[in-house]
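Following the hints, put chain B in place on chain A, whose structure we already have.
Order-wise, the sequence lines are chains A and B.
UniProt numbering puts the last residue of the first sequence at 536; the count rises by one with no breaks.
UniProt numbering puts the last residue of the second sequence at 541; the count rises by one with no breaks.
Some clues are possibly wrong.
[Claimed, not checked] Calculated pairs, EDC-like style, for lysine to aspartate or glutamate (alpha carbon to alpha carbon, straight line, at most 20 Å):
1) B:Lys397 <-> B:Asp376
2) B:Lys461 <-> B:Glu414
3) B:Lys539 <-> A:Asp130
4) B:Lys397 <-> B:Glu450
5) A:Lys496 <-> A:Glu179
6) A:Lys530 <-> B:Glu474
7) B:Lys539 <-> A:Asp257
8) B:Lys43 <-> B:Asp175
9) B:Lys173 <-> B:Asp136
10) A:Lys328 <-> A:Glu508
11) B:Lys539 <-> A:Asp169
12) A:Lys530 <-> A:Glu508
13) B:Lys199 <-> A:Asp534
14) B:Lys383 <-> B:Asp362
15) B:Lys239 <-> A:Asp130
[To be verified] Negatives, chain B to chain A, calculated, CB over 12 Å:
16) Ala56
17) Lys64
18) Ser114
19) Ala115
20) Asp136
21) Gly295
22) Phe302
23) Asp314
24) Ser346
25) Asp349
26) Met408
Please keep in mind that the hints were generated in silico from the structure rather than gathered at the bench.
For each residue, glycine too, the CB sits at the ideal point set by N, CA and C.
Chain residues, written in single-letter form:
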Amino acid sequence: CRCFLTLYFKIIMIVLCNYICSFSMAHTGTHSQPVRSCLLLVVVSVCVQQVHGVWPLPQQLHQSADRGCLSPQRFSFTYGRDSAAQTGCSVLDAAFKRYFSIIFPDFTKGSGLLMLSVKTGGCDGYPDEDSDESYNLSVSEGQAVLRSVTVWGALRGLESFSQLVYQDDYGSYFINKTEIVDFPRFAFRGLLLDTSRHYLPLHAILKTLDAMAYSKFNVFHWHIVDDPSFPYQSRTFPDLSNKGAFHPFTHIYTQSDVMRVIEHARMRGIRVVPEFDSPGHTQSWGKGQPGLLTPCYKGGVPSGSFGPVDPTIDTTYKFMESLLKEVKFVFPDSYVHLGGDEVSFACWQSNPNVRKFMEKMGFGKDFTKLESFYMERTSIVWQDVFDYHERIPQDTVLEIWKGEKYQAELSRMTQAGHRVLLSAPWYINHISYGQDWRNSYAVQPQNFSGTEEQKKLVIGGEVAMWGEYVDATNLTPRLWPRACAAAERLWSNEEKTLNADLAFPRLEEFRCELLRRGIQAEPLFVGHCKHEYDGL
Amino acid sequence: MYCLLKLAPLFLAVAVCNGWLFGDFVGKQKEQDEISLWPLPQKFQSSAVAFKLSPASFQIVHAKQSSAGPSCGLLENAFRRYFEYIFGDLKKPEKSRKKVYDSDLVELQVWVTSADPKCDDFPSLQTDESYELSIDEPSAVLKAANVWGALRGLETFSQLVYEDYYGVNNINKTDISDFPRFAHRGILLDSSRHFLPLKVILANLEAMAMNKFNVFHWHIVDDQSFPYMSRTFPELSQKGAYHPFTHVYTPSDVKMVIEFARMRGIRVIPEFDTPGHTESWGNGIKDLLTPCYSGSSPSGTFGPVNPILNSSYDFMTQFFKEISTVFPDAYIHLGGDEVDFRCWESNPDIEKFMAQQGFGTDYSKLESFYIQRLLDIVAATKKGYMVWQEVFDNGVKLKDDTVVEVWMGNKMEEELQNVTRAGFTTILSAPWYLDYISYGQDWQHYYKVEPLSFPGTDAQKKLVIGGEACLWGEYVDATNLTPRLWPRASAVAERLWSDKSVTDVGNAYNRLVQHRCRMVKRGIPAEPLFVGHCRQEYKGL
Numbered sequence: 001c002r003c004f005l006t007l008y009f010k011i012i013m014i015v016l017c018n019y020i021c022s023f024s025m026a027h028t029g030t031h032s033q034p035v036r037s038c039l040l041l042v043v044v045s046v047c048v049q050q051v052h053g054v055w056p057l058p059q060q061l062h063q064s065a066d067r068g069c070l071s072p073q074r075f076s077f078t079y080g081r082d083s084a085a086q087t088g089c090s091v092l093d094a095a096f097k098r099y100f101s102i103i104f105p106d107f108t109k110g111s112g113l114l115m116l117s118v119k120t121g122g123c124d125g126y127p128d129e130d131s132d133e134s135y136n137l138s139v140s141e142g143q144a145v146l147r148s149v150t151v152w153g154a155l156r157g158l159e160s161f162s163q164l165v166y167q168d169d170y171g172s173y174f175i176n177k178t179e180i181v182d183f184p185r186f187a188f189r190g191l192l193l194d195t196s197r198h199y200l201p202l203h204a205i206l207k208t209l210d211a212m213a214y215s216k217f218n219v220f221h222w223h224i225v226d227d228p229s230f231p232y233q234s235r236t237f238p239d240l241s242n243k244g245a246f247h248p249f250t251h252i253y254t255q256s257d258v259m260r261v262i263e264h265a266r267m268r269g270i271r272v273v274p275e276f277d278s279p280g281h282t283q284s285w286g287k288g289q290p291g292l293l294t295p296c297y298k299g300g301v302p303s304g305s306f307g308p309v310d311p312t313i314d315t316t317y318k319f320m321e322s323l324l325k326e327v328k329f330v331f332p333d334s335y336v337h338l339g340g341d342e343v344s345f346a347c348w349q350s351n352p353n354v355r356k357f358m359e360k361m362g363f364g365k366d367f368t369k370l371e372s373f374y375m376e377r378t379s380i381v382w383q384d385v386f387d388y389h390e391r392i393p394q395d396t397v398l399e400i401w402k403g404e405k406y407q408a409e410l411s412r413m414t415q416a417g418h419r420v421l422l423s424a425p426w427y428i429n430h431i432s433y434g435q436d437w438r439n440s441y442a443v444q445p446q447n448f449s450g451t452e453e454q455k456k457l458v459i460g461g462e463v464a465m466w467g468e469y470v471d472a473t474n475l476t477p478r479l480w481p482r483a484c485a486a487a488e489r490l491w492s493n494e495e496k497t498l499n500a501d502l503a504f505p506r507l508e509e510f511r512c513e514l515l516r517r518g519i520q521a522e523p524l525f526v527g528h529c530k531h532e533y534d535g536l
Numbered sequence: 001m002y003c004l005l006k007l008a009p010l011f012l013a014v015a016v017c018n019g020w021l022f023g024d025f026v027g028k029q030k031e032q033d034e035i036s037l038w039p040l041p042q043k044f045q046s047s048a049v050a051f052k053l054s055p056a057s058f059q060i061v062h063a064k065q066s067s068a069g070p071s072c073g074l075l076e077n078a079f080r081r082y083f084e085y086i087f088g089d090l091k092k093p094e095k096s097r098k099k100v101y102d103s104d105l106v107e108l109q110v111w112v113t114s115a116d117p118k119c120d121d122f123p124s125l126q127t128d129e130s131y132e133l134s135i136d137e138p139s140a141v142l143k144a145a146n147v148w149g150a151l152r153g154l155e156t157f158s159q160l161v162y163e164d165y166y167g168v169n170n171i172n173k174t175d176i177s178d179f180p181r182f183a184h185r186g187i188l189l190d191s192s193r194h195f196l197p198l199k200v201i202l203a204n205l206e207a208m209a210m211n212k213f214n215v216f217h218w219h220i221v222d223d224q225s226f227p228y229m230s231r232t233f234p235e236l237s238q239k240g241a242y243h244p245f246t247h248v249y250t251p252s253d254v255k256m257v258i259e260f261a262r263m264r265g266i267r268v269i270p271e272f273d274t275p276g277h278t279e280s281w282g283n284g285i286k287d288l289l290t291p292c293y294s295g296s297s298p299s300g301t302f303g304p305v306n307p308i309l310n311s312s313y314d315f316m317t318q319f320f321k322e323i324s325t326v327f328p329d330a331y332i333h334l335g336g337d338e339v340d341f342r343c344w345e346s347n348p349d350i351e352k353f354m355a356q357q358g359f360g361t362d363y364s365k366l367e368s369f370y371i372q373r374l375l376d377i378v379a380a381t382k383k384g385y386m387v388w389q390e391v392f393d394n395g396v397k398l399k400d401d402t403v404v405e406v407w408m409g410n411k412m413e414e415e416l417q418n419v420t421r422a423g424f425t426t427i428l429s430a431p432w433y434l435d436y437i438s439y440g441q442d443w444q445h446y447y448k449v450e451p452l453s454f455p456g457t458d459a460q461k462k463l464v465i466g467g468e469a470c471l472w473g474e475y476v477d478a479t480n481l482t483p484r485l486w487p488r489a490s491a492v493a494e495r496l497w498s499d500k501s502v503t504d505v506g507n508a509y510n511r512l513v514q515h516r517c518r519m520v521k522r523g524i525p526a527e528p529l530f531v532g533h534c535r536q537e538y539k540g541l
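Same shape as in the complex, but just chain A (with noise of 0.2 Å):
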């Protein structure tokens, strides 16, 4: 089947937008009659195995087995004349060029729309919690529309876009007709990474975005530092890595490579929310910043062991100030992860002068009274250092991370008005023999016993692989494609998408996909690709 026709593709944002697609049946000319008897057979493939499926699965998707065929050496992205995007849109001009070699991998044209002109509104922006991801997708015989209200929704819709898009067996590309309505279910959709217990190259984390962008995920939570080492390079603590990392120089972040992190993040509409946990899981901190952690007694005497941060004197918390301060100026999202988990109390009970404090604060014997006074003058830090516009102190997001009876906690909070993150399901840093990815598919963030408004404050959730025994080595198998089963319960609807049995040729396809597009996905099960993986 030659192919002699082009496909135009045109982004619309806000205003409608045309945009001719020219299909086999609509343009052929003199050529009807190959291009027919070419068409046939595509019917027949189209029902036989040609099921090209998106993930996560759009809201409304209706695909017909008619198709039209793209040529590399024509096809383009082009602007529609009322977008409020133009050339010269920093997100979009570079979403072009990486979908165009995503989509045609063996082509490296289409880079002649990198023209740069006048900048319009929100492509130099961040995404953030309330930005609209929507977009709608229409290919059809002879017309085709991309439709967005912001450069993010249409990021989204290219990632769909780019799905539809398959090669026969000659190696032609072809798109079927197709209608996409779609939006997120949940706004946010979240992976933590965890820097600390090993060092992640700069590579690993932005490979990892990558991935994360092909299953629309849009947050990137960065649990940055921990007890073991801290790679983080500040500016106006520069000790704490050059004393707190697992070596200065080769196991650490600069600040130009954070800088990098969340603008490959930003280019690909992912939020980059960092996390600085404190008052315990601090050890790395106090070889930098002498004075910040509770030193442990042992007899009377100290025991040249440290607990968690010192909660009772003013220091700490200058200290915490300048630094939120300085990730205030680096890190652009609003959010930041305070932690605030596992705090060991054995420390603080060993120490004298904690103990005083306790007595002349009147918190008895209750740690926990300890605990939240700190939390408390922290996030008072908090909301000094950072601008909360209108937003409420109830706008602190609880995150639920222990694994049992995450139900029960979701309705506890929801009732008290917080808004809240599921992420304990999906510890995928546990793994288990066989398709563990089902487990997370089951979830369901909104089958707790509550009202409709409390299921509202479920804002999304979280996939979390910690760093025990994770590197580079094993991270990205280790994360692909299990997280893609929390991707499409956090974006699809999930009365459409509760059968893992359904779901599982679509993923299997997606990970091939993952491995076309250089992501060392590891297999759900026996069999193969087209594209093996082919590093090591």
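Then chain B, alone, in the frame of chain A:
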């Protein structure tokens, strides 16, 4: 001692420390945390005296008395490989430092003692892999009966070299006398459930050599696909592989794997599993498999190899004739596991045959009938064979030199007892199915296995010639194979090489952490054991 150790490079000219540490290698580990031998040698003595190795002057050479010389390609290649492991892929040796200092170790002499160094041979089950290594100035000497022992010694030598804080390579005065506890130390890879590209197989052969494994059990075909390209029956892979061109092993691929393995002292034992696990064979060979019946008519599906047709045996005769010439090892693995009888039961011709033979309804008798004929066919090619335990359990008459592989986890000790009581050699893989993953440090379970813990006489225990770590392919392909296998398989490597008394998990952990960093440095994406870092992290991806 600690002090001297750290300052050794500076003070060596004056510091003459003869404090030999007998077997206290581990106690020293924390202080001198650059050295970590894996698997631990049988006998080991080290002192704090350190020598420097300069990439400009250090050489690995054939000893004058050695029976091997520059014509021994296997050793020449190994010298280059280990030089690169020690110094990194240093393209240009540093020119500035030509002068040789007293504290330098200038060469490693490799001395092959037997008249025939076996440079062009293939390793075998009988191969002597022992070696002696003595490191002292001005030269170190590695003594081995043949090239196979020399290879193991070169690996150990490379593991003794450590970098000090100035990036200078050091090696301590050391004496080692080493040999393997078990002769068969294998890794099973499955290239049927997922196709494994050649470079993944080769990389894992390299990792195997770093861990002193010596058998690559290549489970090359199975139900799912037939990637082996046969010269006699090309339609097997044309129709049975996932793809007839991109997902096959050509004859030259197979040759390359065998040669690459030979260069590292690794045997390649191919497995062609029958009569079950053969779905993919049926795509290329008409009438090889038993047609299953649904009621009184063929259902269109197929079962195990059809044992009642002479054509099946004719095919096997020709096929294994080819296999016996392609694979040089003295053993072929014939499988024989998990035969599903339901299809045979459904087939009226088989029913008739059963009655004729007087088998009643005991289909294991039919299975034995098939296996017996197959064994005779393979025996005629002058090859020995390995089989999975069911073949023994079903009472098939086996040649004396048959190796029975025990893989079933339940009643493993009982099975070992039975197999060895019957006088057969055996290898153990039941506790080492590495495809079963779980959260945390499961390498410790593999490490704690004692293969000879079953009740039996000394003679019986001698029949246990080793074991295999198996990585079945249901959930494994090129994307995740290497980090899933290493360093978990390293635990099995030490169990099979080192002395029975080497069982301290804490101490193994410290060495293994470093050993995995060493593998990473050498380009193998071996996954972490726990929180921490390597000086050189994995650069691939």
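Do the hints match the structure? See the list:
1. B:Lys397 <-> B:Asp376: holds (10 Å)
2. B:Lys461 <-> B:Glu414: holds (13 Å)
3. B:Lys539 <-> A:Asp130: With Cα atoms ~38 Å apart, B:Lys539 and A:Asp130 exceed 20 Å; violated.
4. B:Lys397 <-> B:Glu450: Roughly 29 Å between the alpha carbons, so the hint for B:Lys397 and B:Glu450 is violated.
5. A:Lys496 <-> A:Glu179: Distance ~17 Å between A:Lys496 and A:Glu179 Cα, so the pair holds.
6. A:Lys530 <-> B:Glu474: holds (18 Å)
7. B:Lys539 <-> A:Asp257: Holds, because 17 Å separates the two Cα atoms, which is no more than 20 Å.
8. B:Lys43 <-> B:Asp175: Distance of about 8 Å is within 20 Å: holds.
9. B:Lys173 <-> B:Asp136: With Cα atoms ~5 Å apart, B:Lys173 and B:Asp136 stay inside 20 Å; holds.
10. A:Lys328 <-> A:Glu508: violated (40 Å)
11. B:Lys539 <-> A:Asp169: violated (35 Å)
12. A:Lys530 <-> A:Glu508: Holds, at about 12 Å.
13. B:Lys199 <-> A:Asp534: holds (8 Å)
14. B:Lys383 <-> B:Asp362: violated (30 Å)
15. B:Lys239 <-> A:Asp130: The hint is violated at about 54 Å.
16. Ala56: holds (26 Å)
17. Lys64: holds (40 Å)
18. Ser114: holds (37 Å)
19. Ala115: B:Ala115 is indeed farther than 12 Å from all Cβ atoms of chain A, at 40 Å.
20. Asp136: holds (34 Å)
21. Gly295: Fine: 28 Å to the nearest Cβ keeps B:Gly295 off the interface.
22. Phe302: Fine: 18 Å to the nearest Cβ keeps B:Phe302 off the interface.
23. Asp314: Given that every Cβ of chain A is farther than 12 Å from that of B:Asp314, nearest at about 31 Å, it holds.
24. Ser346: Correct as stated: the minimum Cβ-Cβ distance to chain A is 25 Å, above 12 Å.
25. Asp349: holds (31 Å)
26. Met408: holds (17 Å)
Checked against the numbered hints given earlier, this structure breaks hints 3, 4, 10, 11, 14 and 15; the rest are met.
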